[in-house]
Amino acid sequence: MKKTIQLLGLILALAVLNSCYDSPDTGELSNELVVATDVDLEADFSTYDTKYYLSDTIYIVTNSLLDDDYITSPDSDEIISEIENNMADRGFTQRSEDPNDIINNLVNIAIATNIVRITNTGQTCYGWWGGYPGYWPPWGWGGGGYYYPYCSIYNYDTGSLIVEMANIQQALTEDNKTNIIWTNVNFGILNSNDNVNIGRATRSIDQAFAQSPYIQK
Amino acid sequence: MKNIFILMLLGMGHFIQAQTTTKTDVTTPWPENAPSPDREIYTYSSTADDQFVFNWEMAITTSDNFLGENSYRGGRFDYKHFLDGGNIAVGASLGWNSYSEYFGPQLYENADQSSAVYTDMVRHIYTLPIAVNAYYFFFKRNIKPYVGLGIGTQYSEQKSYFNIYAISDSNWGFLVKPEIGLQYEINQAFGLATYATFNYATNKSEEFNIDQLASINIGAGLYWEW
Numbered sequence: 001m002k003k004t005i006q007l008l009g010l011i012l013a014l015a016v017l018n019s020c021y022d023s024p025d026t027g028e029l030s031n032e033l034v035v036a037t038d039v040d041l042e043a044d045f046s047t048y049d050t051k052y053y054l055s056d057t058i059y060i061v062t063n064s065l066l067d068d069d070y071i072t073s074p075d076s077d078e079i080i081s082e083i084e085n086n087m088a089d090r091g092f093t094q095r096s097e098d099p100n101d102i103i104n105n106l107v108n109i110a111i112a113t114n115i116v117r118i119t120n121t122g123q124t125c126y127g128w129w130g131g132y133p134g135y136w137p138p139w140g141w142g143g144g145g146y147y148y149p150y151c152s153i154y155n156y157d158t159g160s161l162i163v164e165m166a167n168i169q170q171a172l173t174e175d176n177k178t179n180i181i182w183t184n185v186n187f188g189i190l191n192s193n194d195n196v197n198i199g200r201a202t203r204s205i206d207q208a209f210a211q212s213p214y215i216q217k
Numbered sequence: 001m002k003n004i005f006i007l008m009l010l011g012m013g014h015f016i017q018a019q020t021t022t023k024t025d026v027t028t029p030w031p032e033n034a035p036s037p038d039r040e041i042y043t044y045s046s047t048a049d050d051q052f053v054f055n056w057e058m059a060i061t062t063s064d065n066f067l068g069e070n071s072y073r074g075g076r077f078d079y080k081h082f083l084d085g086g087n088i089a090v091g092a093s094l095g096w097n098s099y100s101e102y103f104g105p106q107l108y109e110n111a112d113q114s115s116a117v118y119t120d121m122v123r124h125i126y127t128l129p130i131a132v133n134a135y136y137f138f139f140k141r142n143i144k145p146y147v148g149l150g151i152g153t154q155y156s157e158q159k160s161y162f163n164i165y166a167i168s169d170s171n172w173g174f175l176v177k178p179e180i181g182l183q184y185e186i187n188q189a190f191g192l193a194t195y196a197t198f199n200y201a202t203n204k205s206e207e208f209n210i211d212q213l214a215s216i217n218i219g220a221g222l223y224w225e226w
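Those protein sequences? They're chains A and B, same order as listed. If you're matching positions, the first sequence starts at 1 in our numbering and goes up one per residue. If you're matching positions, the second sequence starts at 1 in our numbering and goes up one per residue.
Honestly, the hints are just simulated from the structure, not real lab data. Among these hints, one or two may not hold up.
Sample of chain A residues lacking proximity to chain B, with all beta carbon distances greater than 12 Å (derived) [stated by the list, open to error]:
no.	residue
1	S23
2	V185
3	A208
In silico SDA-like links for lysine to any residue, alpha-carbon gap of 25 Å or less [claimed, not checked]:
no.	chain 1	residue 1	chain 2	residue 2
4	A	K217	B	E109
5	A	K177	B	S114
6	B	K159	A	Y156
7	A	K217	B	K159
Partner residues are not named here, just some residues of chain B that face chain A (Cβ under 8 Å, in silico) [unchecked claim]:
no.	residue
8	D84
9	S100
10	A116
11	T119
12	N163
Glycine is no exception: its CB is placed at the ideal position from the N, C-alpha and C atoms.
Can you build the whole structure from these sequences, using the hints too?
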């Protein structure tokens, strides 16, 4: 009998432990993009020309066949002008859209923008004990009862807006090796409404510049 | 949760059944080595050899370099064996606590300030202290105050949730936990238990800048003896 008691105690302990490994409430988390920046510490932004190259084309990498693989003006205007305004605030006042300016050595900084958009799908199952059938015997405990697990498919999009600055003259002189001096990746879950996503993207660009005070002519 | 209640009731049911079948061999109400009866508070002497305690537990963090919120979602199981049915007991305990706290948007930078990440996050710690314990009961009447000391190990998981992502770390540490407690007897088999411990564990995480996990844990629960 004592053995039975100890066994029951153990089962109770495991049952309560299982239920008490809780995940925290992440409902408070905002859906703003995570803003990450990385700088080449050897880059001295004050030595670069105030004229820089920034195309209005944003390339899109996606795992969904329906999307375009790039967007241009006017669809890209809000994001590109946000970068342009921030650059102007830091003293880089002349934006060039002419690739010839790179070849003619008229700009130091070239900025490239990319969007990575990934559609994630998966399945999640509910039921007795996280959906593992057979974890407990299928007879009912009192009124609780046993039911077969059921599954549902979920689907969500994640995205990254990547803004890269290269010292393009260095790339032309040193074996065509592009030296990225500043990388900004803004990533997170996407809203089904693209206006919301563009709002998040422009706010994250502002934050990226705010946390990079070294970008200063 | 409902299913757990049913399980608990079933477990307790078995216990009551067990008491009626195994407690028939008690012959004398006052064992020779028991303290002399004090009729004011004395109902009967406790002669149990073993005790199991099931507690709800809260924890107040005292090492707050990762997060400072208290945990209200925790518990502890205790098993005690009274040596010769006397005032000294040895046993083992298994507890768990989970802490979480929301941190608003802020900048996290690496040491040379070349990389920076700006986000809000929810930080979470889960602890599982496992200890062997020794207790001294000052007396065992209908109230039973005691002191104890436990040593053991603590498993812990730390997580940072941001956007839809999470980074995590897990580690084991050495655990020491002094304890004071008070138990109140309802009948020969059941009673109420309450205690406070100081849990100090050496869990370390470089990733999250954690060099120790310490907390004051306060628990309340039910015990049964046999």
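Status of the hints after comparison with the structure:
no.	hint	in the structure
1	S23	violated (8 Å)
2	V185	violated (9 Å)
3	A208	violated (8 Å)
4	K217/A <-> E109/B	holds (23 Å)
5	K177/A <-> S114/B	holds (21 Å)
6	K159/B <-> Y156/A	holds (22 Å)
7	K217/A <-> K159/B	violated (40 Å)
8	D84	violated (18 Å)
9	S100	holds (3 Å)
10	A116	holds (5 Å)
11	T119	holds (4 Å)
12	N163	holds (4 Å)
The structure is inconsistent with the numbered hints 1, 2, 3, 7, 8, although it conforms to all the rest.
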